[in-house]
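Line by line, the protein sequences are chains C and U. Heads up, the first sequence is in my numbering, so the first residue is 52 and it goes up one at a time. Heads up, the second sequence is in my numbering, so the first residue is 52 and it goes up one at a time.
The reader is advised that the hints may include incorrect statements.
One copy or two, either will do: identical chains are not told apart, so a pair holds if it fits within one copy or between any two.
What the hints assert, rightly or not - Derived lysine to any residue pairs resembling SDA-like cross-links, with alpha carbons at most 20 Å apart: (1) K59 with H119; (2) K59 with N150; (3) K59 with F115; (4) K71 with A245.
It is worth saying that the hints were derived from the structure and are not from the lab. Since this is a predicted model, take the numbers as computed values, not measurements.
2 protein chains.
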Amino acid sequence: MEQEQIIKPIAYIRTDFKEKFGIPRQSGRAPSLCGRIVFLPEYRNPDAIRGLAEFSHIWLLFDFSESHRETWSATVRPPRLGGNARVGVFASRSPFRPNPIGLSSVRLEGIEQTENEGEVLIVSGVDLLDMTPIYDIKPYLPFSDCHPDAVGGYADTVCDMKLSVEFPERLLSLLPKEKQEAVIECLTEDPRPAYQDDANRIYSMNFSGFDIRFRVAENCLTVTEVVEMKK
Amino acid sequence: MEQEQIIKPIAYIRTDFKEKFGIPRQSGRAPSLCGRIVFLPEYRNPDAIRGLAEFSHIWLLFDFSESHRETWSATVRPPRLGGNARVGVFASRSPFRPNPIGLSSVRLEGIEQTENEGEVLIVSGVDLLDMTPIYDIKPYLPFSDCHPDAVGGYADTVCDMKLSVEFPERLLSLLPKEKQEAVIECLTEDPRPAYQDDANRIYSMNFSGFDIRFRVAENCLTVTEVVEMKK
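Sequences are here, hints too, so could you generate the full structure?
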């Protein structure tokens, strides 16, 4: 029973986030935010995904690669509770858990045939850091995975505070057209750490090679600057 | 990227199935089928499940302990397709996968305070072998895990063939009252291996210490004998 198990990545995901700041806190929060799942050479086999294109959603089991710890803590402070209330680690989706495996359902937008990386899965609604290792991909089965009657504990009762976003057109247009909707969705989710509420503070979100700078006053986020970062 | 990760069980589940034969093929198929999740001593800490009781459903990440293999196969034959069609392993929930980790959502019926095992989670709708190691428990979050619009590929289009079950009262009454509904649900799911359709054959399902013997003709399953097994 105490046996350990060794698991190995089968793929990794490319996303617009090279840093944790700004990543939506669950999958599906930023529906336009896309990712590309690239299989590692050993698993780059069209047979292994035969039939997958028929599914609208897939599960990703992934490595909380930035959250490895030698020890574990019985309680965590979920951002949805404002960062001040503690809940049990097994009552949370916190990355800091005994086995740092994450679970996200994403929409499967398509499968791209590439020259150098074989079949690449295009997914949306991601909540993962760029280069996150993926341990498993499973189809989403509505008849066993979808529970419309489910009650979500503290996650249900917390007010879902979205911000209104003011992104001046001259700044927004600096971003590629296909990234514009996703960046607004991410900002709407309020990337600030819990507890911070300083209207004068300038925050900086690293998104798709751009530094997006903004302020938040009341429930309105205003983008003040967009700087393309050096490659 | 090629890095391995070591994971360790945090709990195990007690169920009525000591053998694979008869286990429902997904979670929720036998809603009355219960299990008891017992934490390993290191994780037996009430703080670690603080707030969990507020959730109606939980995810279990578990070890496909009976399905470890040295190698992996790109395709599998799902029982829902009659066992004759092959789909990609990542387009299936097959236990035979590169990393043998399973994913099941179960209903959280309650949390039992025990003398020797600490808090034990009582769950229903299980699809796991007795003593399956559990790697992680996460709350089911309706806002990110529930996709009523999801399309389930081949799993959707296959006819959902349930059997009608004839379980004579004098045989059924040999089972403890609280197990009777669950055993019927499991039989309704048709425990036979794909492809087998021999009306004369007697099958035997090991359930909760009883040997349940039955035949199947057309779409009707008839229980012929119930034998209590020696402990």
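Status of the hints after comparison with the structure:
1. Taking CA atoms no more than 20 Å apart as the test, K59 paired with H119 passes in both settings, with 15 Å inside one copy and 14 Å between copies.
2. Within a single copy, K59 and N150 get their C-alpha atoms as close as 14 Å, and across copies as close as 7 Å, so both meet the 20 Å cut-off.
3. For the identical chains of this complex, K59 and F115 are neighbours both inside a copy (13 Å) and across copies (15 Å), given an alpha-carbon limit of 20 Å.
4. Within a single copy, K71 and A245 get their C-alpha atoms as close as 14 Å, which meets the 20 Å cut-off; across copies the closest is 46 Å, which misses it.
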